[in-house]
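Novice: Take a look at the letters that make up each chain.
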Amino acid sequence: MSLDPTLREQILAAVPSLRAFAISLSGNVDRADDLVQETLLRALANIHSFQPGTNMPAWLFTILRNLFRSEYRKRRREVEDADGSYAETLKSQPEQTSHVEFKEFSAALSKLPEDQREALILIGASGFSYEEAAEICGCAVGTIKSRVNRARTRLANLLHIETPNDFGPDRATRAVLTGDDVA
Amino acid sequence: MKERKPPEYPASDDSMEPRSSTMKKGKGSAALGRDIQAKIGQQLRSYYDTLIEPTPDRFADLLRQLEAPGKKEGVE
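From first to last, the protein sequence lines stand for chains H and Y. Position 163 (the first sequence) corresponds to 599 in my numbering; numbering is contiguous. Position 62 (the second sequence) corresponds to 63 in my numbering; numbering is contiguous.
Note that these hints are calculated values from the structure, not bench results. One or more hints might be untrue.
Claimed, not checked - Distance windows between CB atoms, simulated:
| no. | chain 1 | residue 1 | chain 2 | residue 2 | range |
| --- | --- | --- | --- | --- | --- |
| 1 | Y | 59 | H | 510 | 35 to 41 Å |
| 2 | H | 576 | Y | 68 | 18 to 24 Å |
| 3 | Y | 62 | H | 483 | 17 to 23 Å |
| 4 | Y | 61 | H | 578 | 35 to 41 Å |
| 5 | H | 484 | Y | 46 | 20 to 26 Å |
| 6 | Y | 43 | H | 567 | 19 to 25 Å |
| 7 | H | 438 | Y | 58 | 19 to 25 Å |
| 8 | H | 502 | Y | 39 | 17 to 23 Å |
| 9 | Y | 35 | H | 574 | 28 to 34 Å |
As the list claims (entries may be wrong) - Using 30 Å as the maximum straight-line C-alpha spacing, the simulated DSBU-like pairs for lysine-lysine come out as follows:
| no. | chain 1 | residue 1 | chain 2 | residue 2 |
| --- | --- | --- | --- | --- |
| 10 | Y | 40 | H | 510 |
| 11 | H | 510 | H | 547 |
| 12 | H | 547 | Y | 40 |
| 13 | H | 539 | H | 510 |
Cβ coordinates follow ideal geometry from the N, Cα and C atoms, glycine included.
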């Protein structure tokens, strides 16, 4: 098969973000890589159904999300992840963020309901508009907005962000009091 | 998996005013303040950037293989 070079470039350009999305959804780098690989296979097999000039990243994210969803339904039990191990499965050691903050954040993220997590990531990190995210998730724009709002509120609670000044010390103090593992 | 629920409150573009949230009562409970949103947004992006950084080359290789089966090094 020969792929239009422009399309090929668009696909490759989307891969890093696509993979980060997959890791955020699955909490597991190996599964994420499988998901991305499967997404690319399907994308190429169906490249004729992609309309040039439309949104390649959104198209790929839609494929990956649907793959994840159908797989998730099958393996729901295995995937359930109470809290800590979500971050543990990430092999790459984060450099620019402090490790504690990264772990804490991904643990909090893993506690969000699936639909809220994906909405939050698509809007807040992957850079999609509400309209694009709605298309990717196959729901109404208002639904995406409400999921993002709920996700933010829940994260603020989980991360104990109540006022900006609460940030560092309060979190650590709470961890001591509640016996949460922050290390 | 949760089934879809209708939005709990009208969604106007940037209004972040969760009416029935789990936020504590007291100050800051009426809305998720901009500062808090900004903090979460910043943490989220730095989390995501951390994941993006070490993307392996294997996907570029995979595309190449899919395009030109048989050829080992198919750079045009």
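Novice: Is the gap between the beta carbons of residue 502 of chain H and residue 39 of chain Y within 17 to 23 Å?
Specialist: violated (32 Å)
Novice: The hint says 19 to 25 Å between residue 438 of chain H and residue 58 of chain Y; measuring C-beta to C-beta, is that right?
Specialist: holds (21 Å)
Novice: Taking 30 Å as the top limit, are the C-alpha atoms of residue 547 of chain H and residue 40 of chain Y close enough?
Specialist: holds (18 Å)
Novice: Within 30 Å, alpha carbon to alpha carbon, are residue 40 of chain Y and residue 510 of chain H?
Specialist: violated (35 Å)
Novice: Between residue 43 of chain Y and residue 567 of chain H, is the Cβ distance one that fits in 19 to 25 Å?
Specialist: The hint (19 to 25 Å, Cβ to Cβ) holds, given that residue 43 of chain Y and residue 567 of chain H are roughly 24 Å apart.
Novice: Mind checking the hinted window 28 to 34 Å against the Cβ distance between residue 35 of chain Y and residue 574 of chain H?
Specialist: For residue 574 of chain H against residue 35 of chain Y, whose Cβ atoms are near 30 Å apart, the range 28 to 34 Å holds.
Novice: Quick check on a hinted range of 20 to 26 Å for residue 484 of chain H and residue 46 of chain Y, using CB atoms only.
Specialist: violated (35 Å)
Novice: Just to be careful, I want the Cα atoms of residue 539 of chain H and residue 510 of chain H compared with a cutoff of 30 Å; is the pair within it?
Specialist: holds (27 Å)
Novice: Residue 576 of chain H and residue 68 of chain Y, beta-carbon distance inside 18 to 24 Å?
Specialist: Check failed, 38 Å falls outside 18 to 24 Å.
Novice: Please check whether residue 61 of chain Y and residue 578 of chain H have a Cβ separation lying inside 35 to 41 Å.
Specialist: holds (38 Å)
Novice: Between the beta carbons of residue 59 of chain Y and residue 510 of chain H, is the distance compatible with 35 to 41 Å?
Specialist: Because 25 Å falls outside the window, the suggested range is violated.
Novice: Has the given pair, residue 510 of chain H with residue 547 of chain H, been kept, meaning a C-alpha gap of at most 30 Å?
Specialist: holds (20 Å)
This entry does not satisfy hints 1, 2, 5, 8, 10, going by the numbered hints stated previously.
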